[in-house]
Amino acid sequence: MRSLKFSSLVLVLWAGMLAVACSAPAAPAPGAAPADPKAAATTAPAAATGGEVVTARIGTAGPLTGSWSKDGKDLNNGVLFAADVVNEKGLTIGGKKVKLDVKTEDDQQDAKQATIIAQRFVDDKSLVAVVGHYTSGTSIAAGKVYDEAGILWITPNASNPSVSQQGFKNFYRVMCTDPIQAQKAADISGKLIGAKNVAIIDDKSQYGQGVADMFAKGVESAGIKVATREHVADKDTEFGSIVTAIKGKNPDLVYFGGYYSQGALIRKEMAKQGLNVPYIMSDACFSEEFIKLAGADGEGAYATTLGVEPAKLPGYADFNAKFAPKYGTVGYGTPYAYDALMVVVEAMKKADSLDRKAIATAMKSIKEYNGMTGRLTWDQYGDNASPVVSVYQVRGGKWVYVQ
Amino acid sequence: MIVQQLINGLVLGCVYAMLAMGFSMVFGILRLINFAHGEVFMIGAMVSITVLNLLLGISGPNAPPALAAVFLLITMLTAMLSCGVLGIVLERVAYRPLRNAGMLAPLISAIAASTLLQNVAMLVFGREYVPFPAILPSGGIPIAEATMSWKGLLIVVVAPIMMLALNQFMMRSTLGKSMRATAENLEVASYMGIDTNKAIVTAFFIGSILAGAAGTLVGMYLNASHYFIGFFAIIKSFTAAVLGGVGNLTGAVLGGILLGLIESFAIGFVPDLTNGIIGTQYKDVFAFVVLIVFLIVRPSGLLGERISERA
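Protein sequence lines correspond, in order, to chains A and B. Take the first sequence: its letters are residues 545 to 947, numbered as in our numbering. Take the second sequence: its letters are residues 8 to 318, numbered as in our numbering.
Next up, chain A with everything else stripped away, as it sits in the complex (with noise of 0.2 angstroms):
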């Protein structure tokens, strides 16, 4: 009877020690979960006669659980956005009338992942097209299965040149990519700042350390020296012991390649450490969750941009005002991911079919798209034509246009 009275008291002490933490403020719960495979591949292929509603499917897969995880929700708010304004519209293809249907994937930023989700996007009869995925390394695994299937695959923001350089036939990208990124860092290294001695620091990623190493190009051919090339692993929270080492080459400027996450919390660990030198980083830290994770440390933080802030763009109030209410606020990434779906849509109007070789086939006869994001062209890989890229710094907890 003792042992039965000890562990209720237990328990109760747990469940209600439980009910504490979950009722103190948590972060926002989690997002879309992915959708039972097994209901999407037994789906019979849209077949319809006149009047009735067809669905076509959409497939979508970015990092939904991860370092990155906010940005890859915003991605994919874009994207069920644009899907929600084009079936307000209505939307006909082929005499009949069509309906979005947006299946989320999430690959949490990991190859393997991808290529299992777009194996199940391929299979998917009803799926005509994909937009995905959100970061360079998943797209390039998933990027061999989409080519064999010829299905047409735009990202919105993956940025590593590699992905367009594996000789897919179906690829395109909304975002520029990273070489004009680096270079621009690489400017204002030597330009704005003025410093002579770089640290460069990547997370071993696709994109981190092909930005990183592009940027140490960057800086070499401006004649700045980089005092050295560090690595971190992309899980790590500790780091200590890089930023000593590092401090120990005295360098007048750090550079890191990489996601939000980790940028947030090497550049704490430099405030801690006392090595107050600027801070350039690359596009993915370029986030609110950089600003709320390094709290005051963040202050004077330079971020590269593919582009500019959503508020910058023309019609942003409109979008806002329609976005806002369903899915709160407009990340950086999401007029991108909502331009990518609408130039999908683009190449179904343009095929007038729901054929997905149809639609990979019109979508090279398109030559140009006016979306939020401004004019969109595409060269022979798939590559924007039109980059544009911008720099931030942060001043006063907030992120703001630098040149």
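No lab work stands behind these hints: they were computed from the structure. Worth double-checking, as some hints may not be accurate.
As the list claims (entries may be wrong) - Beyond 12 angstroms from chain B on every Cβ pair, some chain A residues (computed):
#1 V629
#2 G634
#3 Q652
#4 T659
#5 K779
#6 D796
#7 Q806
#8 Q817
#9 K894
#10 P931
Claimed, not checked - Below, a sample of chain A positions facing chain B; criterion: calculated Cβ distance under 7 angstroms:
#11 T609
#12 T781
#13 K816
#14 K866
No residue lacks a Cβ here, since even glycine has one placed at the ideal position from N, Cα and C.
Following the hints, position chain B against chain A.
Chain B in isolation, oriented as in the chain A frame:
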């Protein structure tokens, strides 16, 4: 630079030592690799963030130093207590029913408990890094040409105190003696009239308290916590425990500090020595290489194992 790496290594080492002690205790008595130990550590960090945010919400973000110290104390005690309770619940729910089921079933149960806690934390606290409120000032005290940050200083002061307290408890108190007896031979201890269940529950409780304290300190030191940090915690604490000799509490402390120092110095010097071929992203690898070498050369660890005999 050497001094700074030494300081970094010591701070890290103290954390690993605290984790390894709790882990080692359970392994010594039950021969159970308590995978959920890392998650207890993570829950400690998360609870401390929640409690501290609550307290700072009441007082306002810039609390005067005296109040801040009190908050920190309350936070740490709450985290420690909740982790202790969590440890007891784990023992009761996940491990005790499988006490006589061999070695594999409790291990699987441990992995299951670990995954469960990870996902509960992910659902409750979100998938992002959760920032730790800035309660200690940023700077530090200069030592030689390096700096010991205030947070690091707190760790280096608190951890040894707790570990010494635990050691005294194990040596002097009756409960400590019964734990050591149970660790030596469970069956014979029970024949001698020792309440072995109580000893085991206490081992889990104390180990989890230490993990909770480590969680608070690390969350403060790294300025953030994440639902996945338990994974690395368990790997490091396992390594440290084995390095020092499993079941041996002094060995766990030694192993932990050694592990921290090795990691720190490896990051500091190996990339330069190998011209960047072996870069800093291999920092976890260095620790494991040392472990493997040790297991080949001296399998029972630095100070020898103390696992219970099974007749």
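Hints and how they fare:
1. The beta carbon of V629 (chain A) sits about 27 angstroms from the closest Cβ of chain B, which is more than 12 angstroms, so the claim that it is off the interface holds.
2. Interface exclusion of G634 (chain A) from chain B stands, the closest Cβ pair being 36 angstroms apart, more than 12 angstroms.
3. For Q652 (chain A), the non-interface assignment is contradicted: its Cβ lies about 10 angstroms from the closest Cβ of chain B, within the 12 angstroms cut-off.
4. Every beta carbon of chain B lies more than 12 angstroms from that of T659 (chain A), the smallest distance being close to 22 angstroms; the non-interface claim holds.
5. For K779 (chain A), the shortest C-beta to C-beta distance to chain B comes to about 7 angstroms, within the 12 angstroms cut-off, and the non-interface label is violated.
6. No Cβ of chain B approaches the Cβ of D796 (chain A) within 12 angstroms, the least distance being about 18 angstroms, so the stated non-interface status holds.
7. Distance check for Q806 (chain A) against chain B: the nearest CB is about 9 angstroms away, which does not clear 12 angstroms, and the non-interface claim fails.
8. For Q817 (chain A), the requirement that its beta carbon stay farther than 12 angstroms from each beta carbon of chain B is not met, with the minimum near 6 angstroms.
9. Chain B leaves K894 (chain A) outside its interface by the beta-carbon criterion, the shortest separation being 38 angstroms against a cut-off of 12 angstroms.
10. With a closest Cβ-Cβ approach of about 30 angstroms to chain B, P931 (chain A) is found to remain outside the 12 angstroms limit, as its non-interface label requires.
11. With its C-beta approaching chain B no nearer than about 5 angstroms, T609 (chain A) sits inside the 7 angstroms limit, and its interface hint holds.
12. A cut of 7 angstroms between beta carbons decides the hint on T781 (chain A): the least distance to chain B is about 5 angstroms, and the hint holds.
13. Checking K816 (chain A) against chain B: minimum C-beta separation of about 5 angstroms stays under 7 angstroms; hint holds.
14. At its closest, the beta carbon of K866 (chain A) sits 26 angstroms from a beta carbon of chain B; the interface hint therefore is violated under the 7 angstroms criterion.
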